[in-house]
Amino acid sequence: MEDKLTSTRHRLHLMVCAGTACVSNRSFEIKEALEREIKKQGLAEEVLVVTTGCNGFCERGPLLVVQPGNIFYQQLTLKDIPHLVEEHFLKGRPVEKLMYKPPEGKKPIPVLNEIDFFKKQVLIALRNRGLIDPEKIEDYIARDGYQALVKALTQMTPEEIIEEIKKSGLRGRGGAGFPTGLKWEFVRLASTSNGGLKFVVCNGDEGDPGAFMDRSILEADPHSVIEGMVIGAKAIGAQQGYVYIRNEYPLALKRLTLALQEAREYGLLGENILGTGFNFDIKVARGAGAFVCGEETALLASIEGRLGEPRPRPPYPAQRGLYGHPTCINNVETWANVPVIVSRGADWFSKIGTKTSKGTKVFSLVGKINNTGLVEVPMGITLREIIFEIGGGIPGGKEFKAVQTGGPSGGCIPKEKLDLPIDYESLTEAGSMMGSGGMVVMDEDTCMVDVAKYFLSFTQDESCGKCTPCREGTKAMLDILDRITKGEGTEEDLQLLEDLAVSIKETALCGLGKTAPNPVLTTLRYFRDEYLTHIRDKKCPAHVCRDLNVYTIDEKTCLEVGHGCDVCRRNCVSEAIIGEKNQPHRIVQEKCIKCGVCYDVCKFGAVKVE
Amino acid sequence: MEAKVSEILQRYEPEQSSIIAILQDIQEAYGYLPREILAQVAEELNIPLSRVLSLATFFRAFSLKPKGKHPIHVCMGTACHVRGAQLVLEKFERELGIKTGETSEDLSFSLDAVRCVGCCGLAPVVMAGEEVHGKVSQMKVPGIIKKYKK
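Those sequence lines, one after another, are chains Y and A. Every letter in the first sequence is one number past the one before it in the numbering used here, and letter 590, counting from 1, is 590. Every letter in the second sequence is one number past the one before it in the numbering used here, and letter 24, counting from 1, is 24.
One should not assume that every hint holds.
What the hints assert, rightly or not - Listed next, the in silico DSBU-like pairs over lysine-lysine satisfying Cα-Cα at most 30 Å (straight line):
{"hint": "1", "chain 1": "A", "residue 1": "K140", "chain 2": "Y", "residue 2": "K475"}
{"hint": "2", "chain 1": "A", "residue 1": "K149", "chain 2": "Y", "residue 2": "K514"}
{"hint": "3", "chain 1": "Y", "residue 1": "K603", "chain 2": "A", "residue 2": "K146"}
{"hint": "4", "chain 1": "Y", "residue 1": "K151", "chain 2": "Y", "residue 2": "K475"}
{"hint": "5", "chain 1": "Y", "residue 1": "K79", "chain 2": "A", "residue 2": "K149"}
{"hint": "6", "chain 1": "Y", "residue 1": "K101", "chain 2": "Y", "residue 2": "K79"}
{"hint": "7", "chain 1": "Y", "residue 1": "K79", "chain 2": "A", "residue 2": "K67"}
{"hint": "8", "chain 1": "Y", "residue 1": "K539", "chain 2": "A", "residue 2": "K146"}
{"hint": "9", "chain 1": "Y", "residue 1": "K581", "chain 2": "Y", "residue 2": "K591"}
{"hint": "10", "chain 1": "Y", "residue 1": "K167", "chain 2": "Y", "residue 2": "K355"}
{"hint": "11", "chain 1": "A", "residue 1": "K149", "chain 2": "Y", "residue 2": "K101"}
{"hint": "12", "chain 1": "A", "residue 1": "K150", "chain 2": "A", "residue 2": "K67"}
{"hint": "13", "chain 1": "A", "residue 1": "K67", "chain 2": "A", "residue 2": "K146"}
{"hint": "14", "chain 1": "Y", "residue 1": "K107", "chain 2": "A", "residue 2": "K135"}
Stated by the list, open to error - Computed, partial: chain A to chain Y, Cβ under 8 Å:
{"hint": "15", "residue": "E7"}
{"hint": "16", "residue": "R60"}
{"hint": "17", "residue": "C116"}
{"hint": "18", "residue": "C119"}
{"hint": "19", "residue": "Q138"}
{"hint": "20", "residue": "P142"}
Honestly, the hints are just simulated from the structure, not real lab data. Cβ atoms here follow ideal geometry from the backbone N, Cα and C, with glycine treated the same way.
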């Protein structure tokens, strides 16, 4: 507590983002430079540097937010720091050139929540983003953290907690969108013949490529997940919980482990929590790099030390889960929503969103988009608002083609559906799904056949091999797609793809297998023309499928504009380019491996691709 | 038994549910899972070696072969894929003279493709050991290799 009191004496708090993306952009060096410079200017008593979890606007890192005032600095470099400290923190003159400038306007926007990227966001799961040090429980408590836990443990019965969650309309944020309160009720009412044990589990095996919200929550606000789990445990009557974290997330593991320790020291976890007589503790289980372990029955098998293979349901984990006991599994984002619902009430929560989908959803907005990052938006917002207002549109003046949601289980949504209000049902109707919230934007340079092939090679690679439809079926589909991208496909192949897709959907064992054909089905539904161009014309309109590309050099441009600069020849890996400096160059097709380096390095547009 | 192994075993309860965590620690300590150590672990936990091996080959985090001193992981997540990760991976293959999944003869580098490392904002991403390199293009590959080459 001592720390807390001293820190409130500081005039300014500098919140340095220490999410994974900013860290890899050297944000820790920025932090040290800030501290050095602040000391040098004699401001150490007045200005405090704090490291926070992911701010969300990853594209612009490393990031710094100055509090109070919410002043947003971006793309900082070490040499900016002395000037920034002197001008802003000593003399009180904010530095405009380090602020965010919108692409169309020239005037910088100093205040974070006036920037388009942040303006339309509504923060529930990410409520503490950029405001707390994830390694200090006092910071979480200062933002009303653990108040919901106190309320749930001292003023509410388990039935009342479940009723509140049911009434809020919260649905699982991990993919399928099952009503959370209902799941809790199943587990609470499940009979416990053998030993009376029940478990709660947090699924942090975020496997969808292109999704990183769970990582961000665990890294930025681990206590929100712990608090949610204690409340859930009280509601269903569990004594033990597990958080299953992906192997690829070392920082999340570190911060969660630390947070669990702090929570125990504060009496918020362990024996006799808050003196109420309720016992509950949480263990961490590390994943070992298997996508299929995101499936709940596979995840439970992996916690038990067995092969991470799914098993048929029913019985659902709510009936027979970990070690055969009733188990409640929710994902990271779902757990992080729980404390807010308990403290602010179901009525408040259910006012946000659509008829069937309440509250907010966190999306990771990535791919061909200007403002890459993590956004939390109310359900019912349109894709257009997310992509063009928050995301700032497509870079380089390119045209939007599709957005992929739901990872390997989802599909590609075309521009005709940009005005679709997003919720669980609307996305499913469009052939995709909510999934964990990955949103990969694609432009005219993305080949939709290649995207379908990419996802199928992912599922094929990650298929655990237990059931035949997924193991062999996705392989057969992948072979067909491979043929098409090589210009060897036939029109009958499309029908065969559809037939295979339908039988896999109907017969695969687990949810991941059943949804594996979705990327192929949606691209066939919305982008059939692109498939046909590959098949009939042996061309890839986006020039992605390399076997169909032909690279040539326009000798006139090469000589007259580029003066035979020779850069392409020097960079060509297969020695396929001939020509001397100041002379036109030429590509020997037999030697060309179609890596596209010449196209990338030519500054004069002399290299053509068809 | 090597001191390193018994120290790892002591961290956990000697039961089946500890096996994945134990294998992870061994992988971290040795850079791979040496066969003779797996046999020791199986005996200590009283489970068949075949079961230990089935786990060791099922999960991606484990390798039965030694990895390079500088493991290179090229992210093949969706965001990286649409921004050209495949070309980056192939450039690494050519520059290092090894295929994906292989280790160089002098054990200095190994090359693997990984699924999303969760830094999609920096796509395409390459991890060299613990260090993340963002916005990697084919042109940047030789520089990254040079940084770690002694």
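Hints versus structure:
1. A:K140 / Y:K475: Status violated; Cα separation ~34 Å.
2. A:K149 / Y:K514: Given pair A:K149, Y:K514 is violated - Cα atoms ~45 Å apart, limit 30 Å.
3. Y:K603 / A:K146: holds (26 Å)
4. Y:K151 / Y:K475: violated (52 Å)
5. Y:K79 / A:K149: Status holds; Cα separation ~28 Å.
6. Y:K101 / Y:K79: holds (20 Å)
7. Y:K79 / A:K67: violated (38 Å)
8. Y:K539 / A:K146: violated (38 Å)
9. Y:K581 / Y:K591: holds (20 Å)
10. Y:K167 / Y:K355: holds (13 Å)
11. A:K149 / Y:K101: violated (39 Å)
12. A:K150 / A:K67: Since the Cα atoms of A:K150 and A:K67 sit roughly 17 Å apart, the hinted pair holds (cutoff 30 Å).
13. A:K67 / A:K146: Roughly 19 Å between the alpha carbons, so the hint for A:K67 and A:K146 holds.
14. Y:K107 / A:K135: holds (27 Å)
15. E7: violated (18 Å)
16. R60: Where the cut-off is 8 Å and the nearest Cβ of chain Y is about 3 Å from A:R60, the hint holds.
17. C116: Check passed: Cβ of A:C116 comes within 4 Å of chain Y, closer than 8 Å.
18. C119: Cβ of A:C119 sits 5 Å from chain Y, so the hint holds.
19. Q138: holds (6 Å)
20. P142: With a minimum Cβ separation of about 11 Å from chain Y (threshold 8 Å), the hint on A:P142 is violated.
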